[in-house]
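Just so you know, the sequences run in chain order G and L. Here this note's numbering is used: the first residue of the first sequence is 355, the next is one more, and so on. Here this note's numbering is used: the first residue of the second sequence is 533, the next is one more, and so on.
Keep in mind the hints are simulated off the structure, nothing from the lab. Glycine included, each C-beta is placed from N, C-alpha and C at the ideal position. Any given hint might turn out to be false.
[Said to hold, decoys possible] Examples of chain L residues toward chain G, derived with CB under 8 Å:
no.	residue
1	L546
2	S550
3	Q652
[To be verified] Not close to chain L: a few residues of chain G, all C-beta gaps over 10 Å, as computed:
no.	residue
4	H362
5	L372
6	R376
7	Q378
8	L383
9	L384
10	L389
11	V394
12	V396
[To be verified] Beta-carbon label-pair distances, calculated as ranges:
no.	chain 1	residue 1	chain 2	residue 2	range
13	L	T541	G	H373	12 to 22 Å
14	L	L623	G	F357	16 to 26 Å
15	G	V374	L	R616	41 to 51 Å
16	L	A607	G	G395	38 to 48 Å
17	G	K369	L	N658	17 to 27 Å
18	L	E656	G	H392	37 to 47 Å
19	G	H373	L	S550	41 to 51 Å
20	L	M636	G	Y380	17 to 27 Å
21	G	H392	L	R664	35 to 45 Å
22	L	S550	G	L359	18 to 28 Å
23	G	H392	L	A645	35 to 45 Å
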Amino acid sequence: MQFILSDHNCEGQAKAILHVLRYQGYASLLSIALLFFHDVGVTIHPTLTLPW
Amino acid sequence: MNLRDDWNTRYQILETDSGLQISESRVMLLDVMEAHNEGDSVYQISQTFNLTPLQVQIALEYIEKHRAALEPQLARAIQLRQKREVYYQDLAAGRWEKIAQLPMTPLRAAFYALREKNRQVAGETNAVHSERS
Numbered sequence: 355m356q357f358i359l360s361d362h363n364c365e366g367q368a369k370a371i372l373h374v375l376r377y378q379g380y381a382s383l384l385s386i387a388l389l390f391f392h393d394v395g396v397t398i399h400p401t402l403t404l405p406w
Numbered sequence: 533m534n535l536r537d538d539w540n541t542r543y544q545i546l547e548t549d550s551g552l553q554i555s556e557s558r559v560m561l562l563d564v565m566e567a568h569n570e571g572d573s574v575y576q577i578s579q580t581f582n583l584t585p586l587q588v589q590i591a592l593e594y595i596e597k598h599r600a601a602l603e604p605q606l607a608r609a610i611q612l613r614q615k616r617e618v619y620y621q622d623l624a625a626g627r628w629e630k631i632a633q634l635p636m637t638p639l640r641a642a643f644y645a646l647r648e649k650n651r652q653v654a655g656e657t658n659a660v661h662s663e664r665s
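My request is simple: use the sequences and hints to build the entire structure.
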């Protein structure tokens, strides 16, 4: 499984892209999953730059 | 200070090295402006960028107040992004050429088949839309 970590300030765009990848079958074929900051235990602070 | 004043000062538009930014976020004002110009609602913009509706509202008020100055900045930003897209598309094309030289794998074969299927579906969908319009 390959994980893609989304930035807090583009979660909507990341979800939309993954939705298309799922709908077209690429996400399951390539084993792609989307993660958000809260999934990996990163405290969401709006100005956070630490993960990058 | 009344409630309206309190709302108006809750968030600010900040000048940063990267450009105008909405406070308590890393969202650029021009991104919100582009989404709004394309017809996105306050709700849709707040969903896309994980902003509160009040952050979006304050950004939109700022945009309307400074639209004349911001329009050329947005046009330049879009132009820059288009140039960047061309650069990365060229880079991707080069990589596809290298990949094409490699021996075929089952995963790649499955990917090509899926891509072809999706292209056909997209082609049929576009044809239906063309007939209707």
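Status of each hint after checking the structure:
no.	hint	in the structure
1	L546	10 Å, violated
2	S550	12 Å, violated
3	Q652	12 Å, violated
4	H362	6 Å, violated
5	L372	14 Å, holds
6	R376	12 Å, holds
7	Q378	5 Å, violated
8	L383	6 Å, violated
9	L384	7 Å, violated
10	L389	15 Å, holds
11	V394	16 Å, holds
12	V396	14 Å, holds
13	L:T541 - G:H373: 12 to 22 Å	37 Å, violated
14	L:L623 - G:F357: 16 to 26 Å	23 Å, holds
15	G:V374 - L:R616: 41 to 51 Å	21 Å, violated
16	L:A607 - G:G395: 38 to 48 Å	41 Å, holds
17	G:K369 - L:N658: 17 to 27 Å	25 Å, holds
18	L:E656 - G:H392: 37 to 47 Å	40 Å, holds
19	G:H373 - L:S550: 41 to 51 Å	28 Å, violated
20	L:M636 - G:Y380: 17 to 27 Å	18 Å, holds
21	G:H392 - L:R664: 35 to 45 Å	43 Å, holds
22	L:S550 - G:L359: 18 to 28 Å	21 Å, holds
23	G:H392 - L:A645: 35 to 45 Å	36 Å, holds
Of the numbered hints listed earlier, those contradicted by the structure are 1, 2, 3, 4, 7, 8, 9, 13, 15 and 19.
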